[in-house]
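Chemist: With the hints as constraints, model all of the structure from the sequences given.
One letter stands for each residue in the lines below.
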Amino acid sequence: MLELEQETTEIQHIQRIFDGKTAHHYLNKYIDPPEIEKDIIFFLWEAMRTASVSAVEKREQILAALFIHAAFETHEKVETGRHVKHGIKHRQLAVLAGDFFSSLYYSMLVDNGHVKILPIFSDSIQKINEQKMSLHFCEYKEEEELLESLRSAEGSLVANIAAYYGKEGLGTLAKTYFLLKKMYREREREQDKHLSSFAEGIYSFVEGRRADIVSEWPPPQTKSFLDEQIRSQQAELSRQLKTSVCHKNTPLFRRLKAILS
Amino acid sequence: MKLADLYLFLRTDINKIEKELERSVKSEQSLLNEASLHLLRAGGKRIRPVFVMLSGKFGHYDIEKVKHIAVALELIHMASLVHDDVIDDAELRRGKKTIKAKWDNRTAMYTGDYIFAKAVEKAAFYKNKKVHSVLSKAMAEICIGEIEQIRDQFNWDQQLKTYLRRIKRKTASLIAISCQLGAISAGASEENQSHLFRYGYNVGMSYQIIDDILDFIGTEEELGKPAGGDLRQGNVTLPALYAMCQDNSVKRDIHDILQSDQASEENVLDLLEKIKTSGGIEYARKLSKRYLQKAFSALEELPDIPAKSSLEEIAMYIGGRNY
Numbered sequence: 001m002l003e004l005e006q007e008t009t010e011i012q013h014i015q016r017i018f019d020g021k022t023a024h025h026y027l028n029k030y031i032d033p034p035e036i037e038k039d040i041i042f043f044l045w046e047a048m049r050t051a052s053v054s055a056v057e058k059r060e061q062i063l064a065a066l067f068i069h070a071a072f073e074t075h076e077k078v079e080t081g082r083h084v085k086h087g088i089k090h091r092q093l094a095v096l097a098g099d100f101f102s103s104l105y106y107s108m109l110v111d112n113g114h115v116k117i118l119p120i121f122s123d124s125i126q127k128i129n130e131q132k133m134s135l136h137f138c139e140y141k142e143e144e145e146l147l148e149s150l151r152s153a154e155g156s157l158v159a160n161i162a163a164y165y166g167k168e169g170l171g172t173l174a175k176t177y178f179l180l181k182k183m184y185r186e187r188e189r190e191q192d193k194h195l196s197s198f199a200e201g202i203y204s205f206v207e208g209r210r211a212d213i214v215s216e217w218p219p220p221q222t223k224s225f226l227d228e229q230i231r232s233q234q235a236e237l238s239r240q241l242k243t244s245v246c247h248k249n250t251p252l253f254r255r256l257k258a259i260l261s
Numbered sequence: 001m002k003l004a005d006l007y008l009f010l011r012t013d014i015n016k017i018e019k020e021l022e023r024s025v026k027s028e029q030s031l032l033n034e035a036s037l038h039l040l041r042a043g044g045k046r047i048r049p050v051f052v053m054l055s056g057k058f059g060h061y062d063i064e065k066v067k068h069i070a071v072a073l074e075l076i077h078m079a080s081l082v083h084d085d086v087i088d089d090a091e092l093r094r095g096k097k098t099i100k101a102k103w104d105n106r107t108a109m110y111t112g113d114y115i116f117a118k119a120v121e122k123a124a125f126y127k128n129k130k131v132h133s134v135l136s137k138a139m140a141e142i143c144i145g146e147i148e149q150i151r152d153q154f155n156w157d158q159q160l161k162t163y164l165r166r167i168k169r170k171t172a173s174l175i176a177i178s179c180q181l182g183a184i185s186a187g188a189s190e191e192n193q194s195h196l197f198r199y200g201y202n203v204g205m206s207y208q209i210i211d212d213i214l215d216f217i218g219t220e221e222e223l224g225k226p227a228g229g230d231l232r233q234g235n236v237t238l239p240a241l242y243a244m245c246q247d248n249s250v251k252r253d254i255h256d257i258l259q260s261d262q263a264s265e266e267n268v269l270d271l272l273e274k275i276k277t278s279g280g281i282e283y284a285r286k287l288s289k290r291y292l293q294k295a296f297s298a299l300e301e302l303p304d305i306p307a308k309s310s311l312e313e314i315a316m317y318i319g320g321r322n323y
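Line order of the protein sequences matches chains X and E. Position 63 (the first sequence) corresponds to 63 in my numbering; numbering is contiguous. Position 76 (the second sequence) corresponds to 76 in my numbering; numbering is contiguous.
One or more of the hints may lead you astray.
Ranges between beta-carbon positions, derived for each pair [as the list claims (entries may be wrong)]:
#, chain 1, residue 1, chain 2, residue 2, range
1, X, GLN221, E, ASP88, 35 to 41 Å
2, X, ASP32, E, GLU301, 45 to 51 Å
3, X, GLU216, E, PRO226, 38 to 44 Å
4, X, SER52, E, PHE125, 24 to 30 Å
5, X, ARG209, E, ASP256, 44 to 50 Å
6, E, GLU301, X, LYS29, 41 to 47 Å
7, E, ASP88, X, PRO219, 32 to 38 Å
8, X, ASP111, E, ASN155, 30 to 36 Å
9, E, LYS289, X, LYS29, 34 to 40 Å
10, X, ASP32, E, ARG321, 42 to 48 Å
11, E, GLN293, X, ASP111, 33 to 39 Å
Calculated directly from the structure, the hints in this document are not laboratory data. C-beta: ideal position from N, C-alpha, C; glycine also.
Modeler: Pasting the structure below:
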């Protein structure tokens, strides 16, 4: 179990390495610097808590996952040809920055001797891109199909790493948690009308037509859907928490409780 | 003679790689599958796998062992092309619609990311740390090279070394590591790995310089786009760099014409003509030849096997190509 002080120090350490590796003077002029998703750190700490890997090795694998997350987030910002609100240079550099962050996960793993776990990462990226493509083209007849796709797109990287360490239950928890978190974010994101693949999938399913840009977000029907799903996923997370193996008094447990409140 | 004629004897193994490529990009997601196959079937010279195979001949060549890295390198090349088309907003590639044009940017981004991940999966076949270290560095270097190309667009005060570093990262790196990794995957000696890397690097540099020359002297029909495309996009290549260095008025004209919203096509064509007659093309050819000479020197260090002659012929072909 990580004490609060240890937890803060470790996050700062990870942040420093992450910032150092992703920093690029020219990119930073046009692209917002990528942010670390702290919940990935908490979940992966928990997944590797009893594994026979050193603290440094844990940190390296966590960083690799954070680089992948940064790459996905950056590529989501690539605008379509019809809509270049942020300018052509922003679009060009968003493509390249995402590719650059993606190359960092590979070097982080292989330079530090984690070749064995490499297929878990590369396979997760493939699966996530498959889900994103399905969301983009809204290939769902049933609501459950859409939800499963959203769940996988958001949580399967962490879930697959957790499964690698024999923590399948934690992976299930991660999928629900990241789905819920993303739903909150998307519901509250009212400024930018350029939809993420996540929002695009929900919008197309609910409204019955595809769009990557909308004049109003979230439109009433989509908002009701999100409200309903958030309630349902909260209940699901609460249920999973009661039966899960997640230890109390861990940073992860506190995060999970926090999202429910 | 076509480039492919130089390695006809590899046809069986190239077919194996082609099949492996097709297997590799298969996806359960139907549109991703369609987009990947569309890309694969648009063709390509498969020059990187050829370099892998020929270099593998300097070790204990076994197609079943070298094919994984050949496929990984070709997938990296393909994925970067898909993303390049988003960057350049390109509608056509090799005469066929690009993924971003046939579908959209988002589809192209997901397809490229998916293929990059497939490349890493293919490379994971090897337990040798050096394979991964070489490949991961090259992947990062390619991205940095492209970022720098965008940074340097419309910067007319570049130095020769900036240009050379950019083409190294953009083209030469991947060819150099294709040769190196072919040798590593077949267990060739460290010495031969290094000679082959040097050969690939120099051939790659020469190849890109020739490409940059052709962009000025090729016809629209040969190039599939109007001549001077690089300059029009603000990319400074060797012939223009030389012309600006020799004659200050060229630099002034480039600046005035290309950064003006009202530049006519006639003005641009006059400017291209001025660059062509500045001696820049001849200078670039000379430099390209110098790189080829270095490639030949690297080859001299290698044992005399048939693959060596093929590498020599490929280098000669690259040096003499007209389109």
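Chemist: Do the Cβ positions of GLN221 of chain X and ASP88 of chain E conform to the proposed distance bound of 35 to 41 Å?
Modeler: Since GLN221 of chain X and ASP88 of chain E have Cβ atoms about 38 Å apart, the given range 35 to 41 Å holds.
Chemist: Looking only at beta-carbon atoms, does the pair GLU301 of chain E, LYS29 of chain X fall within the given range of 41 to 47 Å?
Modeler: For LYS29 of chain X against GLU301 of chain E, whose Cβ atoms are near 44 Å apart, the range 41 to 47 Å holds.
Chemist: Is 24 to 30 Å respected by the C-beta to C-beta distance linking SER52 of chain X and PHE125 of chain E?
Modeler: holds, 26 Å
Chemist: Quick check on a hinted range of 45 to 51 Å for ASP32 of chain X and GLU301 of chain E, using CB atoms only.
Modeler: With Cβ atoms ~49 Å apart, the hint holds.
Chemist: That 33 to 39 Å hint for GLN293 of chain E and ASP111 of chain X (C-beta), does it hold up?
Modeler: At roughly 35 Å between Cβ atoms, ASP111 of chain X and GLN293 of chain E fall inside 33 to 39 Å, so the hint holds.
Chemist: The hint says 38 to 44 Å between GLU216 of chain X and PRO226 of chain E; measuring C-beta to C-beta, is that right?
Modeler: With Cβ atoms ~42 Å apart, the hint holds.
Chemist: For the range 44 to 50 Å, tell me whether the beta carbons of ARG209 of chain X and ASP256 of chain E fit it or not.
Modeler: Check passed, 48 Å falls within 44 to 50 Å.
Chemist: Quick one: are ASP111 of chain X and ASN155 of chain E within 30 to 36 Å, going by C-beta?
Modeler: Hint holds: Cβ distance 33 Å, inside 30 to 36 Å.
Chemist: Can you tell me whether the CB distance of LYS289 of chain E to LYS29 of chain X sits inside 34 to 40 Å?
Modeler: Cβ of LYS289 of chain E to Cβ of LYS29 of chain X: about 39 Å, so the range 34 to 40 Å holds.
Chemist: Should the hint that ASP32 of chain X and ARG321 of chain E are 42 to 48 Å apart at their CB atoms be regarded as holding?
Modeler: holds, 43 Å
Chemist: Is it true that ASP88 of chain E and PRO219 of chain X lie within 32 to 38 Å of each other by Cβ?
Modeler: Since ASP88 of chain E and PRO219 of chain X have Cβ atoms about 34 Å apart, the given range 32 to 38 Å holds.
Violation of the numbered hints given earlier is absent; every hint is satisfied by the structure.
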